[in-house]
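J.: As you go down the protein sequences, you meet chains A and B in turn.
78 is the number that my numbering gives to position 78 of the first sequence; each next residue is one higher, with no gaps.
103 is the number that my numbering gives to position 103 of the second sequence; each next residue is one higher, with no gaps.
Derived from the structure by calculation, the hints contain no laboratory data.
What you are looking at is a predicted structure, and each value in this text was computed from that prediction instead of being measured.
From the three backbone atoms N, C-alpha and C, an ideal C-beta is built for every residue, glycine too.
The following label-pair restraints were derived from C-beta to C-beta distances:
#1 B/S39 to A/D59: 21 to 29 Å
#2 A/F10 to B/N45: 20 to 28 Å
#3 A/S80 to B/G52: 45 to 53 Å
#4 A/I3 to B/L79: 23 to 31 Å
#5 A/Q14 to B/R106: 37 to 45 Å
#6 A/Q17 to B/L79: 37 to 45 Å
#7 A/Q14 to B/A50: 39 to 47 Å
#8 B/D76 to A/T20: 39 to 47 Å
#9 A/T20 to B/E80: 33 to 41 Å
#10 B/R30 to A/T51: 16 to 24 Å
#11 B/T104 to A/T5: 24 to 32 Å
#12 A/E52 to B/G18: 40 to 48 Å
#13 B/R75 to A/E52: 37 to 45 Å
Chain A side only, calculated, beta carbon under 7 Å to chain B, not exhaustive:
#14 G42
#15 L43
#16 L45
#17 T101
#18 F104
#19 S106
#20 G107
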Amino acid sequence: GGIITQTPKFLIGQEGQKLTLKCQQNFNHDTMYWYRQDSGKGLRLIYYSITENDLQKGDLSEGYDASREKKSSFSLTVTSAQKNEMAVFLCASSISGVAETLYFGSGTRLTVL
Amino acid sequence: GDQVEQSPSALSLHEGTGSALRCNFTTTMRAVQWFQQNSRGSLINLFYLASGTKENGRLKSTFNSKESYSTLHIRDAQLEDSGTYFCAANAGAKLTFGGGTRLTVRP
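Produce the complete structure using the sequences and hints provided.
T.: This is the structure we're talking about:
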C-alpha cells in the first residue's frame, strides 16, 4: 500500500503572509488534488493536476497557487493569508483522474492570526 | 447550485442498529464515491461505484445513475463507525462532495 504525507500538520500564519503546504504520495498516482474543508462542511476543490507540471483550477482557486514539481509531489501556496481562510487543507491522489478512487492525506490545519 | 445533496445532516444510532444515508444529484453523474472521516480528520475511501451495488462487511452502497441518487446502508452499527460520512460524485472531470452526514453511534 501507499501513503500520502502532508506537511506541516499545523500551520500558523499572519494575515497577508504567503504560506506553502506540501504533499507527497508514493502510490505512483498520476493525478493529485488539493481540497479545502471549512469547519463542519464538505470539501471544495482548489487545484488538481493530472500529471507532472500540469495544473487545473478547481472551484476555489482564487487566492491560491499550486505547483506539481514532480509526479510524487504537489504543493499549494496561499498567496496572502486571510482570517476567513482558516480551514483544513486536504491533499488527495488517484491513479488517473476522478474516474478512480481517491486517497487522502491527513490534512494541514491552517490558522491565520 | 449544489449538485450533490446529502441527507440527513446528522444521525444518531444505538449500537447494533442500522440506517441509510442518501445522496441526491441534480445532474447526471458518472460515478460516486463514499468516504468516512474519522475523529482525527482522515478521509477513508469506503466505496467507488459506477453503477449497481457493492457490499463490504456491514456497509452496502447503491448507485442509481438514472434516478440520480446513491445510498450507503450501515447495519449493526459499532462505536467505531462514528464520524462524518461524505459522498462525492463526478459528472465530468471534477469530483463534487456532499455536505456530509455526522453519525454518532451510542452504547
